[in-house]
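Let the sequences and hints guide you as you build the complete structure.
Number of protein chains: 2
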Amino acid sequence: MSASVSPLAPKRFPKMPPVAGVRIATAEAGIKYKGRTDLMVMAFDPGTTVAGVFTRSKCPSAPVDFCRQNLGGGSARVLVVNSGNANAFTGMKGRETTRITGEAAAKAGDCKADEVFLASTGVIGEPLDAGRFAHLLDGLVRKAEGGGWAEAGKAIMTTDTYPKYATATVRLGDAEVTINGIAKGAGMIAPDMATMLSFVATDAAIAAPVLQDMLRKGVGRSFNAVTVDSDTSTSDTLLLFATGAAARRGAAKIDDPRDPRLAPFRRALNRILKNLALQVVRDGEGARKEIEISVTGAKSSRSAKRIALAIANSPLVKTAVAGEDANWGRVVMAVGKAGEPADRDLLSIFFGDIRVAHGGERDPGYSEAETSAYMKRDAIRIGVDLGLGSGKATVWTCDLTKEYVAINGDYRS
Amino acid sequence: MSASVSPLAPKRFPKMPPVAGVRIATAEAGIKYKGRTDLMVMAFDPGTTVAGVFTRSKCPSAPVDFCRQNLGGGSARVLVVNSGNANAFTGMKGRETTRITGEAAAKAGDCKADEVFLASTGVIGEPLDAGRFAHLLDGLVRKAEGGGWAEAGKAIMTTDTYPKYATATVRLGDAEVTINGIAKGAGMIAPDMATMLSFVATDAAIAAPVLQDMLRKGVGRSFNAVTVDSDTSTSDTLLLFATGAAARRGAAKIDDPRDPRLAPFRRALNRILKNLALQVVRDGEGARKEIEISVTGAKSSRSAKRIALAIANSPLVKTAVAGEDANWGRVVMAVGKAGEPADRDLLSIFFGDIRVAHGGERDPGYSEAETSAYMKRDAIRIGVDLGLGSGKATVWTCDLTKEYVAINGDYRS
Numbered sequence: 009m010s011a012s013v014s015p016l017a018p019k020r021f022p023k024m025p026p027v028a029g030v031r032i033a034t035a036e037a038g039i040k041y042k043g044r045t046d047l048m049v050m051a052f053d054p055g056t057t058v059a060g061v062f063t064r065s066k067c068p069s070a071p072v073d074f075c076r077q078n079l080g081g082g083s084a085r086v087l088v089v090n091s092g093n094a095n096a097f098t099g100m101k102g103r104e105t106t107r108i109t110g111e112a113a114a115k116a117g118d119c120k121a122d123e124v125f126l127a128s129t130g131v132i133g134e135p136l137d138a139g140r141f142a143h144l145l146d147g148l149v150r151k152a153e154g155g156g157w158a159e160a161g162k163a164i165m166t167t168d169t170y171p172k173y174a175t176a177t178v179r180l181g182d183a184e185v186t187i188n189g190i191a192k193g194a195g196m197i198a199p200d201m202a203t204m205l206s207f208v209a210t211d212a213a214i215a216a217p218v219l220q221d222m223l224r225k226g227v228g229r230s231f232n233a234v235t236v237d238s239d240t241s242t243s244d245t246l247l248l249f250a251t252g253a254a255a256r257r258g259a260a261k262i263d264d265p266r267d268p269r270l271a272p273f274r275r276a277l278n279r280i281l282k283n284l285a286l287q288v289v290r291d292g293e294g295a296r297k298e299i300e301i302s303v304t305g306a307k308s309s310r311s312a313k314r315i316a317l318a319i320a321n322s323p324l325v326k327t328a329v330a331g332e333d334a335n336w337g338r339v340v341m342a343v344g345k346a347g348e349p350a351d352r353d354l355l356s357i358f359f360g361d362i363r364v365a366h367g368g369e370r371d372p373g374y375s376e377a378e379t380s381a382y383m384k385r386d387a388i389r390i391g392v393d394l395g396l397g398s399g400k401a402t403v404w405t406c407d408l409t410k411e412y413v414a415i416n417g418d419y420r421s
Numbered sequence: 009m010s011a012s013v014s015p016l017a018p019k020r021f022p023k024m025p026p027v028a029g030v031r032i033a034t035a036e037a038g039i040k041y042k043g044r045t046d047l048m049v050m051a052f053d054p055g056t057t058v059a060g061v062f063t064r065s066k067c068p069s070a071p072v073d074f075c076r077q078n079l080g081g082g083s084a085r086v087l088v089v090n091s092g093n094a095n096a097f098t099g100m101k102g103r104e105t106t107r108i109t110g111e112a113a114a115k116a117g118d119c120k121a122d123e124v125f126l127a128s129t130g131v132i133g134e135p136l137d138a139g140r141f142a143h144l145l146d147g148l149v150r151k152a153e154g155g156g157w158a159e160a161g162k163a164i165m166t167t168d169t170y171p172k173y174a175t176a177t178v179r180l181g182d183a184e185v186t187i188n189g190i191a192k193g194a195g196m197i198a199p200d201m202a203t204m205l206s207f208v209a210t211d212a213a214i215a216a217p218v219l220q221d222m223l224r225k226g227v228g229r230s231f232n233a234v235t236v237d238s239d240t241s242t243s244d245t246l247l248l249f250a251t252g253a254a255a256r257r258g259a260a261k262i263d264d265p266r267d268p269r270l271a272p273f274r275r276a277l278n279r280i281l282k283n284l285a286l287q288v289v290r291d292g293e294g295a296r297k298e299i300e301i302s303v304t305g306a307k308s309s310r311s312a313k314r315i316a317l318a319i320a321n322s323p324l325v326k327t328a329v330a331g332e333d334a335n336w337g338r339v340v341m342a343v344g345k346a347g348e349p350a351d352r353d354l355l356s357i358f359f360g361d362i363r364v365a366h367g368g369e370r371d372p373g374y375s376e377a378e379t380s381a382y383m384k385r386d387a388i389r390i391g392v393d394l395g396l397g398s399g400k401a402t403v404w405t406c407d408l409t410k411e412y413v414a415i416n417g418d419y420r421s
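Sequences listed follow chains A and B, in order. Using my numbering, you'd call the opening residue of the first sequence number 9 and step up by one each time. Using my numbering, you'd call the opening residue of the second sequence number 9 and step up by one each time.
A couple of the hints might just be wrong.
[Stated by the list, open to error] List time: in silico SDA-like cross-link candidates among lysine to any residue, alpha-carbon distance up to 20 angstroms:
id: 1; chain 1: A; residue 1: Lys101; chain 2: B; residue 2: Lys410
id: 2; chain 1: B; residue 1: Lys151; chain 2: B; residue 2: Asp53
id: 3; chain 1: B; residue 1: Lys384; chain 2: A; residue 2: Arg64
id: 4; chain 1: A; residue 1: Lys307; chain 2: A; residue 2: Gly391
id: 5; chain 1: B; residue 1: Lys410; chain 2: A; residue 2: Asp333
id: 6; chain 1: A; residue 1: Lys101; chain 2: B; residue 2: Asp353
id: 7; chain 1: B; residue 1: Lys384; chain 2: A; residue 2: Asp371
id: 8; chain 1: A; residue 1: Lys101; chain 2: B; residue 2: Gly373
id: 9; chain 1: A; residue 1: Lys384; chain 2: B; residue 2: Ile415
id: 10; chain 1: A; residue 1: Lys101; chain 2: B; residue 2: His366
id: 11; chain 1: A; residue 1: Lys410; chain 2: B; residue 2: Ile415
id: 12; chain 1: A; residue 1: Lys101; chain 2: B; residue 2: Ser356
id: 13; chain 1: A; residue 1: Lys384; chain 2: B; residue 2: Ala414
id: 14; chain 1: B; residue 1: Lys410; chain 2: A; residue 2: Asp351
id: 15; chain 1: A; residue 1: Lys101; chain 2: B; residue 2: Gly367
id: 16; chain 1: B; residue 1: Lys307; chain 2: A; residue 2: Gly228
id: 17; chain 1: A; residue 1: Lys410; chain 2: B; residue 2: Ala414
id: 18; chain 1: B; residue 1: Lys101; chain 2: A; residue 2: Gly373
id: 19; chain 1: B; residue 1: Lys410; chain 2: A; residue 2: Ile415
id: 20; chain 1: A; residue 1: Lys410; chain 2: B; residue 2: Glu411
id: 21; chain 1: A; residue 1: Lys410; chain 2: B; residue 2: Asp333
id: 22; chain 1: A; residue 1: Lys410; chain 2: B; residue 2: Lys410
id: 23; chain 1: B; residue 1: Lys101; chain 2: A; residue 2: Asp351
id: 24; chain 1: A; residue 1: Lys115; chain 2: A; residue 2: Glu134
id: 25; chain 1: B; residue 1: Lys101; chain 2: A; residue 2: Asp371
id: 26; chain 1: B; residue 1: Lys40; chain 2: A; residue 2: Glu376
id: 27; chain 1: B; residue 1: Lys101; chain 2: A; residue 2: Leu354
id: 28; chain 1: B; residue 1: Lys225; chain 2: B; residue 2: Ser308
id: 29; chain 1: A; residue 1: Lys225; chain 2: A; residue 2: Asp263
id: 30; chain 1: A; residue 1: Lys101; chain 2: B; residue 2: Tyr374
id: 31; chain 1: A; residue 1: Lys23; chain 2: A; residue 2: Thr175
Source of the hints: derived by calculation from the structure; they are not laboratory data.
Shown next as structure tokens:
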């Protein structure tokens with residue numbers, strides 16, 4: 009783990025209330041780290057529904073395979089997360105570990121095997137011995153309590169320099185419900201020691217297909233709109249649990265995604281997902297600046313997002329921001345390389361509210377001094393208008409610093 | 009320009025013979041640099057044919073547009089190249105500059121306007137004033153001489169730490185012909201100060217469509233198989249000229265791409281293209297190691313190349329090599345993110361001849377000490393066998409070092 013906390017870390021952490029129907033416990037299993045927790049268990053009340061979104065990697069980890077298989081049942085009772093070892097590219101041994109862990113968790117939670125969900129994060133290719141922690145699950149489920157969100161956020165960290173929390177309370181029918189989320193990054197930055205995991209839980213009563221629909225749509229403008237270094241982890245996992253406990257207090261039971269009572273919940277969920285995703289970017293390894301890239305005027309939203317990601321993943325754009333250099337020529341380069349419809353002579357580029365390029369050339373009113381002053385900020389906004397259509401997209405990333413190279417290049421030495 | 013020469017630079021430069029029908033001159037036009045040449049003119053004998061391959065950027069520079077337009081004629085008499093300013097994203101002014109330069113070059117070379125070819129490399133978005141050098145063209149064409157390849161290679165440099173040359177002599181029918189090439193990089197590393205330009209000339213007599221066919225096929229395993237930072241320049245230009253002068257000495261005149269007498273020439277051309285492309289990679293900004301990535305066993309060659317490029321462009325793989333870390337988990341990650349058919353459990357990964365992973369997990373015979381020793385070399389080979397089919401591809405890149413970030417991040421400061 010990094011010695012110093014990211015300068016972009018939140019100034020304060022939110023106080024995480026309990027979520028009715030969710031109990032949490034953590035432990036020091038000593039999987040890799042010493043003197044810190046590395047095992048986290050969430051136990052859910054009977055009737056808890058679940059939705060999930062996973063890495064698009066063609067080489068997913070064993071726990072991702074395990075979760076994908078269980079997601080079909082739509083029901084969750086136990087979540088087990090370990091840090092220190094990703095159980096990725098571990099072959100038959102990896103599958104054996106998820107089987108043993110899953111069985112131990114089902115026994116501990118007194119539930120069916122397909123009501124267990126697993127996530128692992130840490131080194132790739134190193135066998136993860138279930139014997140290190142499977143025997144702890146029974147005790148953890150037993151002692152799990154309604155609080156514990158703060159501890160949960162810490163137990164799942166790897167190269168993160170701070171734990172990531174978000175919470176919201178929102179009306180759903182005749183009662184208020186709570187949504188809590190935790191995440192760990194730091195981006196896809198270091199898949200051998202990090203990955204993107206996020207767990208969100210609510211006491212709302214929402215059917216699994218509705219949860220899945222909301223989550224799938226919600227990630228497009230949150231977790232799937234952030235990038236640190238374009239490197240996709242084998243293990244990215246986002247799970248959303250709904251215990252339904254609030255129904256006893258009068259909260260609406262939702263089983264139709266078009267139910268109008270769901271609108272405030274959906275907005276709150278999307279805010280939480282975006283909040284957590286941005287915390288991941290701000291903890292990107294070596295990050296000193298957050299970069300928001302908005303593309304408008306594209307042929308389609310899909311095209312806009314591809315162009316935005318080409319800019320966000322460009323090492324030259326990211327190093328320029330690190331150097332506080334308003335190098336819009338590199339933005340032109342990145343637009344050009346995206347392979348999407350673009351017309352050089354219709355392009356406008358903005359840094360913050362300053363239009364630096366317009367109509368295929370440098371803006372006549374361009375001021376080097378004004379733009380340079382803007383580049384000194386912590387959060388940089390890059391805007392590109394393609395002038396072709398109405399497609400738009402926004403993505404977030406961080407700058408590329410020498411510290412990134414040091415962390416990822418000097419890691420084993 | 010960088011102060012120190014890349015440690016991967018060639019130990020010695022080849023002696024470049026003249027190419028009959030090609031005359032060269034250079035000048036200090038003072039476009040941006042002081043105390044060095046920044047303008048290069050090649051004058052070709054009447055009857056010279058030409059082929060070209062250009063950037064795939066959707067925002068190409070004005071000279072790229074200009075060359076593409078003239079390429080249809082298949083005939084070349086004058087090439088004008090400047091360094092210091094890319095004339096890219098310069099709008100109407102940029103087109104005006106290519107028009108003025110083209111007319112001045114045609115007048116100087118006593119040829120048609122569409123027999124002129126232009127290339128510019130340097131800053132993006134800064135208007136390039138043709139008045140700085142158009143008046144020099146007449147004198148340059150007049151004084152151009154048969155030698156001058158060494159000077160030509162230097163005049164086109166931007167952030168390159170060494171000039172790039174390659175030459176070959178090969179039989180074509182009843183006589184020997186010469187092929188000379190020069191290139192500048194340093195990769196697509198710094199499109200605001202660099203780009204990939206290469207100019208190859210021969211005294212062989214080869215029809216333009218045949219040249220174009222050979223060049224198009226030749227770039228797939230050379231210039232289009234190298235990457236420094238995945239950032240595609242607005243200005244990449246590769247031109248191939250054939251003066252036909254050797255026909256007077258008995259060299260065959262070729263107008264059919266299937267002519268069997270062409271085979272040795274084609275092989276020599278491909279060697280030159282690969283040689284120049286590798287010199288560009290070895291001069292990648294901050295590069296300390298060359299990386300060759302070979303993918304075999306893919307569903308198709310196209311699929312193999314996409315996977316190879318995903319590995320080559322992964323910041324995590326490149327920083328691991330910089331840190332001399334045999335981090336094959338990051339190679340698995342990059343295979344997974346490529347989006348191409350891959351089966352984790354059939355994957356084998358090699359560093360040099362050492363198989364580090366096999367059958368979905370770490371190789372049982374893996375030796376950390378042996379692999380770490382291998383990683384200390386200057387040139388690292390990464391092999392991936394997918395075990396799915398017979399598609400294969402090889403690409404080349406360099407490592408990602410703190411020096412890269414320093415060069416590209418601290419550039420303006």
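Results for each hint:
1. Among the hinted pairs, Lys101 of chain A with Lys410 of chain B is inconsistent with the structure: their alpha-carbon atoms are about 37 angstroms apart, more than 20 angstroms.
2. Annotation: proposed proximity of Lys151 of chain B to Asp53 of chain B holds, straight-line Cα distance about 14 angstroms (limit 20 angstroms).
3. Our distance criterion of 20 angstroms between C-alpha atoms is broken by Lys384 of chain B and Arg64 of chain A, whose separation comes to about 33 angstroms.
4. Taking the CA atoms of Lys307 of chain A and Gly391 of chain A, the gap is about 16 angstroms. The hint holds against a cut of 20 angstroms.
5. With a C-alpha separation of about 17 angstroms, the suggested pair Lys410 of chain B and Asp333 of chain A falls inside the 20 angstroms cut-off, and the hint holds.
6. Between Lys101 of chain A and Asp353 of chain B the alpha-carbon distance is near 12 angstroms, which keeps this suggested pair within the 20 angstroms criterion.
7. A C-alpha spacing of about 48 angstroms is found between Lys384 of chain B and Asp371 of chain A, which places the hinted pair above 20 angstroms, so the restraint is violated.
8. A hinted pair counts as satisfied when its Cα atoms are at most 20 angstroms apart, and Lys101 of chain A with Gly373 of chain B qualifies at roughly 16 angstroms.
9. Between Lys384 of chain A and Ile415 of chain B, the direct Cα distance comes to roughly 19 angstroms. Compliance with the 20 angstroms bound is thereby established for this hinted pair.
10. Of the pairs offered as hints, the one joining Lys101 of chain A and His366 of chain B holds, with about 13 angstroms between alpha carbons and a cut-off of 20 angstroms not exceeded.
11. For the hint linking Lys410 of chain A to Ile415 of chain B, the alpha-carbon distance of about 11 angstroms falls within 20 angstroms, and the restraint holds.
12. For the hint pairing Lys101 of chain A with Ser356 of chain B, the CA-to-CA distance comes to about 17 angstroms; that is within 20 angstroms, so the pair holds.
13. Only pairs whose Cα atoms come within 20 angstroms are accepted, and Lys384 of chain A paired with Ala414 of chain B is accepted, the gap being roughly 17 angstroms.
14. Annotation: proposed proximity of Lys410 of chain B to Asp351 of chain A is violated, straight-line Cα distance about 35 angstroms (limit 20 angstroms).
15. Between Lys101 of chain A and Gly367 of chain B, the direct Cα distance comes to roughly 12 angstroms. Compliance with the 20 angstroms bound is thereby established for this hinted pair.
16. Between Lys307 of chain B and Gly228 of chain A the alpha-carbon distance is near 30 angstroms, which puts this suggested pair outside the 20 angstroms criterion.
17. Note on Lys410 of chain A and Ala414 of chain B: the hinted pairing holds, with a Cα-Cα distance of about 7 angstroms set against a maximum of 20 angstroms.
18. Of the supplied pair hints, the one linking Lys101 of chain B and Gly373 of chain A holds, its CA atoms being roughly 16 angstroms apart against a limit of 20 angstroms.
19. Restraint check for Lys410 of chain B and Ile415 of chain A: satisfied, since their Cα atoms lie roughly 11 angstroms apart, inside the 20 angstroms limit.
20. A threshold of 20 angstroms between alpha carbons decides the hint, and for Lys410 of chain A with Glu411 of chain B the separation of about 8 angstroms falls inside it, so the pair holds.
21. Our distance criterion of 20 angstroms between C-alpha atoms is met by Lys410 of chain A and Asp333 of chain B, whose separation comes to about 17 angstroms.
22. Straight-line distance between C-alpha atoms of Lys410 of chain A and Lys410 of chain B comes to about 5 angstroms, which keeps the hinted pair within the 20 angstroms bound.
23. Only pairs whose Cα atoms come within 20 angstroms are accepted, and Lys101 of chain B paired with Asp351 of chain A is accepted, the gap being roughly 16 angstroms.
24. In summary, the hint linking Lys115 of chain A to Glu134 of chain A is not supported, as the alpha carbons are separated by about 26 angstroms, beyond the 20 angstroms threshold.
25. A threshold of 20 angstroms between alpha carbons decides the hint, and for Lys101 of chain B with Asp371 of chain A the separation of about 13 angstroms falls inside it, so the pair holds.
26. For the given pair, Lys40 of chain B sits about 18 angstroms from Glu376 of chain A by alpha-carbon distance, which is consistent with the 20 angstroms threshold.
27. This hinted pair checks out: Lys101 of chain B and Leu354 of chain A have alpha carbons roughly 15 angstroms apart, not beyond 20 angstroms.
28. Of the pairs offered as hints, the one joining Lys225 of chain B and Ser308 of chain B holds, with about 17 angstroms between alpha carbons and a cut-off of 20 angstroms not exceeded.
29. Pair hint Lys225 of chain A plus Asp263 of chain A holds up; C-alpha atoms about 17 angstroms apart against a cutoff of 20 angstroms.
30. For the proposed pair Lys101 of chain A and Tyr374 of chain B, the alpha carbon gap of about 17 angstroms is at most 20 angstroms, so the pair holds.
31. Taking the CA atoms of Lys23 of chain A and Thr175 of chain A, the gap is near 8 angstroms; set against the 20 angstroms cutoff, the hint holds.
Of the numbered hints given earlier, the model fails hints 1, 3, 7, 14, 16 and 24; all others are met.
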